[in-house]
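Asks: Residue numbers (my numbering), protein chains in the order written: chain A, 3 to 410; chain B, 91 to 510.
Don't read these hints as lab results, they were simulated from the structure.
Each hint should be verified, as a subset may be incorrect.
What the hints assert, rightly or not - Among the chain B residues that face chain A by a calculated CB cut under 7 Å, a handful are: (1) E108; (2) G354; (3) Q355; (4) A435; (5) A446; (6) A447; (7) I448; (8) V456; (9) A458.
Because the structure is a prediction, the values reported are computed rather than measured.
C-beta atoms are modelled at their ideal positions from N, C-alpha and C, and glycine is treated no differently.
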Amino acid sequence: MTDQLEGKVEPGDVIAGAAYSLGSMSEGRIMALAAASPPNSVDPVDIALKQGMDRGYPQIRVPDVDADDFDPATPNRRYSLTRVRAYTRASGAVEDLVVMRGEMASILEKVKVGREHGSLLKRKSNIAIHRGWRPLAVATARVDADDKLGPFRLQGFVAVSSNADRSQIDEDILTGPATWARISVWSPSLRIQHWANVALIFILSCTGFFIMEPFFSQPAYAGAASGFLMGWVRLIHFVAAFAWIVVAAARVWSAFTSSDRYLRWRAMWPLWKTEDLKNLGRTVLHYTFIRTEGPTYLGHNPLQQLTYTGVYGLCLVQMLTGFTLFALAHPTNAFWAFLATPVHIFGVPAIRLFHTIVMFLLWGFVIGHVYLVFRADTVERHGGLSAMVNGGVWVRRGTRPVDAPVIE
Amino acid sequence: MTYSIEGWQEPTLAENLERAGVSRRDFLKFCGGLAAVFAAGTTVFGPVTKAHADDPTDTPTAGDIADVLGGMTKPNVVWLQLQECTGCVESVLRSGGTTVEDVVLSLLSLNYQEVIMAPSGEAAEKVLYDTLAEDHILVVNGSVPTKDNGIYCVIGGKTSEQILKDAAKNATHILAVGACAVWGSVQASHPNPTRAVGVDQIIKNKPVINVAGCPPIGEVITATVAYILTHGKAPKTDAEGRPLFAYDQRIHDSCPRRSHFDAGQYVRTFDDDAARNGWCLYQVGCKGPSTFAACPIIQWNMHTSWPVGAGHPCIGCTEKNFFDRFTPFYSVLPNVPGLGVEATATKIGLGLVAAAAIGATAHAGVTAARHASGKEREKEAEAMAAFGDEEGWIVADQADQLVDEPVDETINDEPGKAEK
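Just chain A, same shape as in the assembly (with noise of 0.2 Å):
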């Protein structure tokens, strides 16, 4: 067989790893067949294959075949073809079989293989792929008494690799000019306030539903205690209205101190210049579709940071008309009484209207972050929704981002 994986490689350099089987024949004769080559053949797939049987499954022999029987590869023809006389199959019989042994791709030309064992064999060997390994598939034919030869049967994959190829792929995602490199773009501190706000909007959205619209409640039985149902919902809302002020504190703190600048007060405004604004436009064209390619930015895009932006707002709405509400319980107190002056002007029941309406607005854009993450992650592949975690985004080495120097 002539080396399909690499042109270069020495003996040795090639591996033979686990066999995979769609059924009818065990993995040890799926990699025997494999191996079955002229002895004097220094392929290193030859080779790596019977190294393999040697180590995995010592007790098959791997088939003698003589070498007028074996037609290797051609790079028209990604596969090779190997006769073996005689052989015994695991019920006992004798015969002679064609082993047709190569590329995946070009041996699924050949042959026919059903829906069921195609995306069986589609997952195990797209599994390898993204290993580092090759999927060398092995199909069988049988020859007849007339010397006829029968059609072609799948009969699973041996899983390939150069040792060369696999250190390779590491030093390439490091180093390698054509691959990604991770860049870290957000701070802890930013990824502590992130998680912290969607904790406390979800304890703050579930209270406070429920304080709108209180849609459950125990009976109180002759003689049992009623319990403190609303009384403890309320605190609860109110202990996490008071730690999320605390929480916006810190952003509003960290806009005007912090030495990172995707956290200062500008980065809120992407609209300083021109280009942002065209890039603004270029976005909304790209996420509706009209326009191929957005502009590509480490941080956040313009559409994306007013969108922020605008939810710092709601979320200061959400906090001013909470402090009013709350407020009104304390009247004679000179600062309460200040905090609740926009009940003056709009009256309590429109006050607890807006604090609703921004819950509810929240709730959309929750709706909307989450899946432009998801799908911004699977489209692009920077690897955002992990960076809301450990703080790094995957960049390609070549990028030039809008908001950064070219990433090297």
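Start from chain A and add chain B according to the hints.
Replies: Relative to chain A, chain B alone:
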């Protein structure tokens, strides 16, 4: 108790009260009540009497108030009734019996009070304008219509706006009693066909004390008048001009049903077990949490009952614009204007959330379709190459595309020569 009110015939209030049959003991009880209402003994509302003005901690007792109030000579009080329903006067007078409050109020306000005064016609007008020429306390019921030069409320040939301005000229204190006088009430609600406004919209050069409510509690009206008489100054008010001694707390915060609110026990419909058990009316629209008033404490008709006590949710009648802002009365939240009568916040909010979800799903669908159509295929393959995978090894799905691919250049061997 029956008292006979015969008008102001003795020099001082105490003597007049005695003549009407009010015993010293009852009068002291009344003054004790006032002291409690004014929060005497605390420093919340400041010193109570003129004599104690400099020392907020030395607060007067019921006896002090009785001395000051009882020693009053006849004050001039003018009580105007403009665009209103007389419900506020009824609230004071028809309380289930004649109380000391009634007697005090009747005695104090006798100069001009359309419902209870004896004169009528020219004689009544003469009394009014004679009194207005002197210093007086002005109490106003009812709103002032301003549209079409105020012709929608004309008394004795003068528009209510003119009467109010005349009456305010020499007034030492102005009390707007009732929602109409405070902000216009039902006639000032949308669409306000007579463009009715409250007293403080007309009289801007003098402070107006707003005794809010529709109607206000009779005791609160009396207490406000008594406060001015005993203190010689207006009580402290909140941002809407309401005396803090009566409007400093929400109904919710002193409601006898509050424990049911905290326990999460709510009336769902007016005929359920919860309603019969007297549970909280929050979910059938009680505006107690939004309304500042002393209703749960003072109540109506000699402490007989009050709306929430009778099983009806508070409608927030002491708050400005409550007909516009607090409706629908039987819902927790107001409707969202401009989106139809059925547009509650919950419906709109959940609709918005659903729209966001549908939008995200649709966007995801288009994204997936774009991907499948192969527009991004190239990018995809490149990504795989970045991880060290060559196209030839992408299997199954794409196998058909690979047949005509040029052969990998790394395969140098000529066909069939590998082993030779």
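Asks: All the hints need checking, so say for each whether the structure fits it.
Replies: Now the hints, each set against the structure:
The restraint placing E108 (chain B) at the interface with chain A is violated, with a minimum CB-CB distance near 38 Å, outside the 7 Å limit. About 3 Å separates the beta-carbon of G354 (chain B) from the nearest beta-carbon of chain A, less than 7 Å, and the hint is met. Because the closest C-beta pair between Q355 (chain B) and chain A is about 6 Å apart, less than 7 Å, the hint holds. With 7 Å as the threshold, the beta carbon of A435 (chain B) comes within range of chain A, its nearest partner Cβ sitting at about 5 Å, so the hint holds.
Given the 7 Å rule on beta carbons, the hint for A446 (chain B) holds: about 4 Å separates it from the nearest Cβ of chain A. Look at A447 (chain B): its Cβ gets to within about 5 Å of chain A, closer than 7 Å, so that hint holds up. At its closest, the beta carbon of I448 (chain B) sits 10 Å from a beta carbon of chain A; the interface hint therefore is violated under the 7 Å criterion. A distance limit of 7 Å between C-beta atoms decides the matter here; for V456 (chain B) the minimum to chain A is near 6 Å, and the interface restraint holds.
This hint is violated: A458 (chain B) has a C-beta 9 Å from the nearest C-beta of chain A, more than the 7 Å allowed.
In the structure shown, a violation is registered for the earlier hints numbered 1, 7 and 9, in ascending order.
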